[in-house]
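Colleague: The primary structure of each chain is shown beneath.
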Amino acid sequence: MTIITLISDWGMNSHYQAAVKGSILRQIPDAQIVDITHTLRPFDIMNCSFILGNSYPDFPKGTIHIIGVNTEASTKTPHIVVKYNDMFFIGSDNGVMSLLFDDKPFESIELDIMQDSDYFTFSSRDVFVKAAAMIASGKTLNELGNSHKTLNRMYAFNPVITENKIEGKVIFIDDYENVFVNIDHETFKKTGRGRPYTINFRVPGYAIRTLHTSYSDVAEGERLALFGSTGFLEIAMNKGKASSLLGLGLTDTVSILFDS
Amino acid sequence: MTIITLISDWGMNSHYQAAVKGSILRQIPDAQIVDITHTLRPFDIMNCSFILGNSYPDFPKGTIHIIGVNTEASTKTPHIVVKYNDMFFIGSDNGVMSLLFDDKPFESIELDIMQDSDYFTFSSRDVFVKAAAMIASGKTLNELGNSHKTLNRMYAFNPVITENKIEGKVIFIDDYENVFVNIDHETFKKTGRGRPYTINFRVPGYAIRTLHTSYSDVAEGERLALFGSTGFLEIAMNKGKASSLLGLGLTDTVSILFDS
Amino acid sequence: MTIITLISDWGMNSHYQAAVKGSILRQIPDAQIVDITHTLRPFDIMNCSFILGNSYPDFPKGTIHIIGVNTEASTKTPHIVVKYNDMFFIGSDNGVMSLLFDDKPFESIELDIMQDSDYFTFSSRDVFVKAAAMIASGKTLNELGNSHKTLNRMYAFNPVITENKIEGKVIFIDDYENVFVNIDHETFKKTGRGRPYTINFRVPGYAIRTLHTSYSDVAEGERLALFGSTGFLEIAMNKGKASSLLGLGLTDTVSILFDS
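Protein chains in written order, with my numbering: chain A, 49 to 308; chain B, 49 to 308; chain C, 49 to 308.
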């Protein structure tokens, strides 16, 4: 059995998903297909890298991930396969791979295979599935193309860290409207060294001075901060919609000030 | 092959679904995963129990259902497994289990297993999948924890029944905007004993005096009442949107008056 | 393994999908279930035929497609199975089959099987899955019912073709808001015979005189026309929302004028 995951911005209301899945089952009869999501914000590789980055580590080794966002190939953004931690990631070198793997010991090749159709608008079906089938059949990366050492860089929003302060940004909002900030637990602990802290965003009255470990640690409708299962700081409300109720949207600033 | 179903309020736009599915495939390689729905009204266990209650009977024996809504464990709402009719239901004892099984001959245990992560916000991935893997590997319920005899009660809206009247409430609205009322076919027949009836809701002009058996029994756009495949009374319109066009929403009253 | 696809207008927020999938797994334990989409425009068989028509050719031979839209049977619209190109299509003869197969060498039978339930509102679960199980078990079409030679016609919007002009209509809009027109590449080439052309819609200022081969051939936000992977003419914008930004909706006219 070969596990193939799909992540894309195709939406739920057209033929793209099904055409790719049919194509997978035709070429890889024992495939187990898993949808990561198909409602990525259109063309948004930051959104893609957050969701895929928080999903792929749970999959078994050998899993092949097809990334169907901004897939049109060009000389600047070739089709590539990245191998990392015994998983395979097939997509275009449009920045998403650098967001996922830049600081990791990955291997990568530029795909050198003929596509199955005369059209150039549906690479996921016409190129990526074919590459997945070759990998599933046991071909090694260097049978699929030549080495591609340098990924196109997309600079992630990194938090700005000083002696007493971490200034981060909102990078994701889930369907509960929990707000995810690009400050991870390690950075928090290393910078804070156990000092008291204040988490600030939007208005001073919203300041939070305690971290919790689960949403229900506070009363319903109250705001809280926690480091959740992604490892990132979350601003949330117990059974409330933090993003709209606190007015906290994508790229807004959230900072942590440590007592000096 | 082990069939695992997932029902949750995670939504379609984040990593939760995929993280759980990856985790399942890592721990239960032969799993067949089926999504019931992931767009439950957030935190709404009535909505969950209606949809799961009308889905699980169609699944084969041995199916394991993971219920990913309001999953944070507490001493009041422990993580439990309910076994009923040779199926397994894993979730938190937050009321949904009582809505589903209170009047049925179920077995239940309180889960006593270590979770796989340091975080407490993602029990579906970190606890429930592990429990599912133990069940799939053949462990018996009493190997997973101690007996949990009494479920936390969530009182369902039950219809009020008198000699000549059944007063019910709207408990579900589907995507066609068909309106489901908590009056089942058996109750209707037993209370009515074949007498003529009037189904009333909102305004007298909407009264319905005939039951049909399919939506297309009336002209397009006309309202009708039927006992559909769930066994519950439905107020619908043939190819129309009954809920918005008739102004009939969740918890609104629908009553049946029998001639005395 | 039997591949079963599902396409419907059930939506994502109710029990219909799961009830059908449970039923499939109960009756066809080795089924591999693929969702085409469940968010068809309600009751819209044009929408269904476009999406299914652009999905099924990618599936392997032997695939069984269950069409869950407008499924209530009547003497005018019986339940049928169409066999085409070694695939099976189970649904109601409500016009969708004629849109898909009228001009193709199909076989068809009218289903003559008992349904599994007393209700007539959920044929997909109670009739179509049973038919799929019979096909999956190796039964031939004539064991499922009598020949059904003539499909109920639903006339597709066909383009109007004259010496120097093709007048088409918008038949589909995807989630990127790319606009699909019922003019296929063959018709374009045969009518145009290599002549220069102008693609017109809405206002003269929108006229397009070049076809491209991929969305990124033009600058971001610019409009373009191409024959994409469906073979149909698309009016699109590179990373823009063509439908709303150009005011081009379903059934609107798009015409191609060739130089005489």
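Keep in mind that the hints are not guaranteed to be accurate.
No farther apart than 25 Å at their CA atoms in a straight line, the calculated lysine-lysine pairs in the DSS-like style are these [to be verified]: (1) B:K217 - B:K238; (2) A:K178 - C:K109; (3) B:K197 - B:K152; (4) B:K109 - A:K109; (5) A:K287 - B:K124; (6) A:K124 - C:K287; (7) C:K187 - B:K287; (8) C:K178 - B:K109; (9) C:K187 - C:K109; (10) C:K238 - C:K152.
Derived from the structure by calculation, the hints contain no laboratory data. Bear in mind the structure is a predicted one, so any value in this text is a computation, not a measurement.
Colleague: Hint by hint, note whether the structure agrees.
Modeller: How the hints compare with the structure:
no., hint, in the structure
1, B:K217 - B:K238, "19 Å, holds"
2, A:K178 - C:K109, "18 Å, holds"
3, B:K197 - B:K152, "12 Å, holds"
4, B:K109 - A:K109, "30 Å, violated"
5, A:K287 - B:K124, "18 Å, holds"
6, A:K124 - C:K287, "18 Å, holds"
7, C:K187 - B:K287, "35 Å, violated"
8, C:K178 - B:K109, "18 Å, holds"
9, C:K187 - C:K109, "16 Å, holds"
10, C:K238 - C:K152, "21 Å, holds"
Checked against the numbered hints above, the structure breaks hints 4 and 7 and satisfies the rest.
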